[in-house]
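From just these sequences and the hints, can you work out the full model?
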Amino acid sequence: MVRRNSELRLIISGALLLVALQGVVEAKPNILFILVDDLGIKDVGVEGSQFYETPNIDALARSGMRFTQGYAAGCVCSPSRASIMLGQYSTRHGITDWIGAETGANFAEKRQSKLLVPAYVNNLPANKTTLAAALKGAGYVTFFAGKWHLGDKGAWPEDNGFDINKGGWEAGSPVGGYYAPWVNPNLPSGPRGQSLTQRLADETISFIEQNTNKPFLAYLAFYAVHGPIETTRPLWEKYRAKAAAQTPPKERFTIDRTLPVRIVQDNPIYAGLIDEMDNAVGRVLKKLDELNLTTNTVVIFTSDNGGVVSGDSYSSSQLPYRGGKGRQWEGGIRVPVYIRAPGITQPGRTCDTPVIGIDFLPTLLELVGVNTTPKQTIDGVSVVPLLKGGRLPSRPLFWHYPHYGNQGGEPSSIIRQDDWKLIHYWEDGHNELYNLVADPGERHDVATVETARARDLWLQLQAWLKSTGAKIPQPNPEYQNVWAGQHRNAAIKLKIQLEKQHAEFLQPDWQPNPTWWKSQQTPD
641 MVRRNSELRL IISGALLLVA LQGVVEAKPN ILFILVDDLG IKDVGVEGSQ FYETPNIDAL
701 ARSGMRFTQG YAAGCVCSPS RASIMLGQYS TRHGITDWIG AETGANFAEK RQSKLLVPAY
761 VNNLPANKTT LAAALKGAGY VTFFAGKWHL GDKGAWPEDN GFDINKGGWE AGSPVGGYYA
821 PWVNPNLPSG PRGQSLTQRL ADETISFIEQ NTNKPFLAYL AFYAVHGPIE TTRPLWEKYR
881 AKAAAQTPPK ERFTIDRTLP VRIVQDNPIY AGLIDEMDNA VGRVLKKLDE LNLTTNTVVI
941 FTSDNGGVVS GDSYSSSQLP YRGGKGRQWE GGIRVPVYIR APGITQPGRT CDTPVIGIDF
1001 LPTLLELVGV NTTPKQTIDG VSVVPLLKGG RLPSRPLFWH YPHYGNQGGE PSSIIRQDDW
1061 KLIHYWEDGH NELYNLVADP GERHDVATVE TARARDLWLQ LQAWLKSTGA KIPQPNPEYQ
1121 NVWAGQHRNA AIKLKIQLEK QHAEFLQPDW QPNPTWWKSQ QTPD
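According to my numbering, the sequence shown is numbered sequentially starting from 641.
In short, the hints are calculated from the structure, not lab data. Glycine included, every Cβ here is placed at the ideal spot set by N, Cα and C. Errors might be hidden in some of the hints.
What the hints assert, rightly or not - Result set (DSBU-like, lysine-lysine): computed pairs, CA atoms no more than 30 Å apart in a straight line:
| id | residue 1 | residue 2 |
| --- | --- | --- |
| 1 | K776 | K793 |
| 2 | K1106 | K754 |
| 3 | K668 | K927 |
| 4 | K854 | K768 |
| 5 | K1140 | K878 |
| 6 | K878 | K890 |
| 7 | K668 | K776 |
| 8 | K1135 | K890 |
| 9 | K1158 | K882 |
| 10 | K668 | K1015 |
| 11 | K776 | K854 |
| 12 | K754 | K1111 |
| 13 | K1133 | K882 |
| 14 | K878 | K926 |
| 15 | K1135 | K754 |
| 16 | K1158 | K926 |
| 17 | K1015 | K1106 |
| 18 | K927 | K854 |
| 19 | K878 | K1158 |
| 20 | K750 | K1111 |
| 21 | K1028 | K776 |
| 22 | K776 | K927 |
| 23 | K776 | K926 |
| 24 | K927 | K1158 |
| 25 | K890 | K1133 |
| 26 | K1015 | K1111 |
Unchecked claim - Taking CB as the label site, the calculated pair distances span:
| id | residue 1 | residue 2 | range |
| --- | --- | --- | --- |
| 27 | T1155 | R897 | 34 to 44 Å |
| 28 | S1107 | K1015 | 16 to 26 Å |
| 29 | P960 | R1093 | 21 to 31 Å |
Shown next, in the form of structure tokens:
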């Protein structure tokens, strides 16, 4: 009898162990996706910045795989964000410019542009499956916090697979600024002076705390570090002192084709904005540790386009990469891409295979074992083989921006194949060709030397544009040649103004206003 009881206990224990093991095997990983707005590849310490301080982001990059050739799917925000959600190039989903940008004859008249830029889709298409919808269909609870900028009401996060939306609407920048009170129908202001960046971290932390026993997608899309650039007085003082200790530059700006671009990292306001964002990232990651979720949470960190060196706020420099947000060179599309996948990635690993924003959807679905097939064509590929230390077949990458950027970008299309990058300019039809290994700064156009290669890449690019339904800008019949000279003169005058303004940021008595953009609390 004793023996039979012992055998029975052994059988029951074995069954319970099997059930427990099955539970562990079947537990779906959580996902924390962190998307920063306008953060350039060279705005991060681990990527070489000696001025900005990003210890939490650096630690995250070193805890998993850091992709040294990570790309956004667009040089401006809305196209890139839509491509992350859908796994598609912008030519397929139709959002080719930031939503709200003007097009057509009225734009051409105001801008005095050589081309009439095409109309674009203004809302994330409802007939496609987003990353959030695919995960929600697989039992995930889905959460969004921060900047959406993918359409009007009816096309907000809650209409595209997210169960919870904290702060996502049509606005592309923080209306009212980075300190309360702000204007946002989906994120009421907190106490006067509250940081929007920290509030988004708070909301994300609260969501994670409430969903420790469910698989979740926490999509944290900071409004930072988009303009208007604002910071607190203590952070400004920290970086003003740091900038003052550097050798003063002879100039902070140079004119690159269309507008002045920043060539020095010493902006204390922008540095403070980055510092606060990095702190918020660290708080969210720390919460995963405290809740013992780190070993079962995939973390992705990236940006929606290159850093702002021109237009907007003229915040930063992406040297040695040329250009920045809105521009066709590497500074406009290179971004941080860090992935930590427990049990798959190893700390301290880097990968030099080019990857792009359209790859996130298929990668995440594979990582968490979701077999849902999205309705749309998926242009991206899963990079899980790279995360495991393997390889991917060589493939071309493409971009299409048939618009004029606020930052001086020109209507253009791009193909990158292995080490080579070809840019086609729609204003005059010429091509530029660069070897990104020998010339990462894209200073030496070799299209007239590597003629066969340039021709082959141009043929591939044309075939891709046609197959994906790309819209092409058309000549402006009202264009006047004299406008080119006027634009050049305006750029020269603007450079003089910018040199003076940005030098003033470093004066010990400088202040934007008495409340430092409301970051210093005052009575209501």
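Here is what the structure says about each hint:
Only pairs whose Cα atoms come within 30 Å are accepted, and K776 paired with K793 is accepted, the gap being roughly 21 Å. Using a Cα cut-off of 30 Å, the hinted pair K1106 and K754 holds, with the two alpha carbons roughly 23 Å apart. Pair hint K668 plus K927 holds up; C-alpha atoms about 19 Å apart against a cutoff of 30 Å. Using a Cα cut-off of 30 Å, the hinted pair K854 and K768 holds, with the two alpha carbons roughly 26 Å apart.
For a cut-off of 30 Å, the pair hint linking K1140 to K878 stands: about 21 Å separates their Cα positions. Restraint check for K878 and K890: satisfied, since their Cα atoms lie roughly 23 Å apart, inside the 30 Å limit. Between K668 and K776, the direct Cα distance comes to roughly 12 Å. Compliance with the 30 Å bound is thereby established for this hinted pair. Taking the CA atoms of K1135 and K890, the gap is about 13 Å. The hint holds against a cut of 30 Å.
Of the supplied pair hints, the one linking K1158 and K882 holds, its CA atoms being roughly 24 Å apart against a limit of 30 Å. For the given pair, K668 sits about 23 Å from K1015 by alpha-carbon distance, which is consistent with the 30 Å threshold. Of the pairs offered as hints, the one joining K776 and K854 holds, with about 12 Å between alpha carbons and a cut-off of 30 Å not exceeded. Annotation: proposed proximity of K754 to K1111 holds, straight-line Cα distance about 16 Å (limit 30 Å).
Taking the CA atoms of K1133 and K882, the gap is near 29 Å; set against the 30 Å cutoff, the hint holds. Using a Cα cut-off of 30 Å, the hinted pair K878 and K926 holds, with the two alpha carbons roughly 24 Å apart. For a cut-off of 30 Å, the pair hint linking K1135 to K754 stands: about 23 Å separates their Cα positions. A hinted pair counts as satisfied when its Cα atoms are at most 30 Å apart, and K1158 with K926 qualifies at roughly 28 Å.
The hinted pair formed by K1015 and K1106 meets the criterion: a straight-line CA distance of about 21 Å does not exceed 30 Å. Between the alpha carbons of K927 and K854 the distance comes to roughly 16 Å, so the proposed pair stays at or under 30 Å and holds. Simply put, K878 and K1158 have alpha-carbon atoms about 19 Å apart, close enough for the 30 Å limit, and the pair holds. Restraint check: the Cα-Cα separation between K750 and K1111 comes to about 22 Å, which is no more than 30 Å; the hinted pair holds.
Between the alpha carbons of K1028 and K776 the distance comes to roughly 26 Å, so the proposed pair stays at or under 30 Å and holds. Proposed proximity of K776 and K927 is supported: the alpha carbons are some 23 Å apart, at most 30 Å. With a C-alpha separation of about 25 Å, the suggested pairing of K776 with K926 holds against the 30 Å cut-off. Proposed proximity of K927 and K1158 is supported: the alpha carbons are some 28 Å apart, at most 30 Å.
For the proposed pair K890 and K1133, the alpha carbon gap of about 17 Å is at most 30 Å, so the pair holds. Our distance criterion of 30 Å between C-alpha atoms is met by K1015 and K1111, whose separation comes to about 22 Å. Range check, T1155 to R897: Cβ separation about 39 Å, and the 34 to 44 Å hint holds. Against the hinted window of 16 to 26 Å, the Cβ-Cβ separation of S1107 and K1015 comes to about 19 Å, which satisfies the hint.
Range check, P960 to R1093: Cβ separation about 23 Å, and the 21 to 31 Å hint holds.
Hint compliance for this structure: no hint is broken.
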